[in-house]
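Participant: The residues making up each chain are set out below.
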Amino acid sequence: DAGVIQSPRHEVTEMGQEVTLRCKPISGHDYLFWYRQTMMRGLELLIYFNNNVPIDDSGMPEDRFSAKMPNASFSTLKIQPSEPRDSAVYFCASVPTEGNTIYFGEGSWLTVV
Amino acid sequence: TQLLEQSPQFLSIQEGENLTVYCNSSSVFSSLQWYRQEPGEGPVLLVTVVTGGEVKKLKRLTFQFGDARKDSSLHITAAQPGDTGLYLCAGRSGTYKYIFGTGTRLKVLA
Numbered sequence: 022d023a024g025v026i027q028s029p030r031h032e033v034t035e036m037g038q039e040v041t042l043r044c045k046p047i048s049g050h051d052y053l054f055w056y057r058q059t060m061m062r063g064l065e066l067l068i069y070f071n072n073n074v075p076i077d078d079s080g081m082p083e084d085r086f087s088a089k090m091p092n093a094s095f096s097t098l099k100i101q102p103s104e105p106r107d108s109a110v111y112f113c114a115s116v117p118t119e120g121n122t123i124y125f126g127e128g129s130w131l132t133v134v
Numbered sequence: 011t012q013l014l015e016q017s018p019q020f021l022s023i024q025e026g027e028n029l030t031v032y033c034n035s036s037s038v039f040s041s042l043q044w045y046r047q048e049p050g051e052g053p054v055l056l057v058t059v060v061t062g063g064e065v066k067k068l069k070r071l072t073f074q075f076g077d078a079r080k081d082s083s084l085h086i087t088a089a090q091p092g093d094t095g096l097y098l099c100a101g102r103s104g105t106y107k108y109i110f111g112t113g114t115r116l117k118v119l120a
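Order-wise, the sequence lines are chains H and S.
Per our numbering, numbering through the first sequence is continuous, rising by one, with the last residue being 134.
Per our numbering, numbering through the second sequence is continuous, rising by one, with the last residue being 120.
Keep in mind that the hints are not guaranteed to be accurate.
No farther apart than 16 Å at their CA atoms in a straight line, the calculated lysine to aspartate or glutamate pairs in the EDC-like style are these [to be verified]: (1) S:Lys107 with H:Glu119; (2) S:Lys107 with H:Asp51; (3) S:Lys107 with H:Asp78; (4) S:Lys107 with H:Asp77.
In short, the hints are calculated from the structure, not lab data.
All values derive from a computational prediction rather than experimental measurement.
Work the whole structure out from these sequences, hints included.
Facilitator: Here it is as structure tokens:
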């Protein structure tokens, strides 16, 4: 079975540009999470959805960040405008309703120069 | 803000040695998980502990959940180079909110 699929795997962009990260969760999983990982701050929860509805976005750093889940098989995390301090690995993950295992994608490595 | 502090942050040991990694918080969690992450990949679940005082074993790995459900430990017996990686604890708060620890980076030398 396919796992959580993220794209792009790597992105290098210039400061001020818009960045869109994409995620396809595992089919049948009702919960979707966006995490950010850096050496300094570790793995931080940004936002999570249940049945496509945002439940908790308290981890979203500021208004430059936004996330959407238009349907059960697709989510986006957008940064506009991007800044060098946004450089990190962004993980998408999903969890089935009846389980508690978090299944992570391989991550999107973002570098803002 | 709920925080999970892990110690040590970094650990470099020789093959065959034993080690223990700690995960501590001032908050109570309904369950706690341990994940291992290898370079270029996402974390992968090792174990979930739910009951205070619970002990689970996974081959050479032993996991314990504190009686008060605020802390946990991971003990590895006779470490091998294949155990090298980033170990993360994660506490479940609320329905499905998982908070990750600061991480322990382990390197096992052959």
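Participant: Does each hint fit the structure? Answer for all of them.
Facilitator: Status of the hints after comparison with the structure:
Taking the CA atoms of lysine 107 of chain S and glutamate 119 of chain H, the gap is near 15 Å; set against the 16 Å cutoff, the hint holds. For the hint linking lysine 107 of chain S to aspartate 51 of chain H, the alpha-carbon distance of about 13 Å falls within 16 Å, and the restraint holds. Proximity of lysine 107 of chain S to aspartate 78 of chain H is assessed by CA-CA distance (about 11 Å); at most 16 Å being required, the pair is judged to hold. As the CA atoms of lysine 107 of chain S and aspartate 77 of chain H are separated by approximately 8 Å, the hinted pair is consistent with the 16 Å bound.
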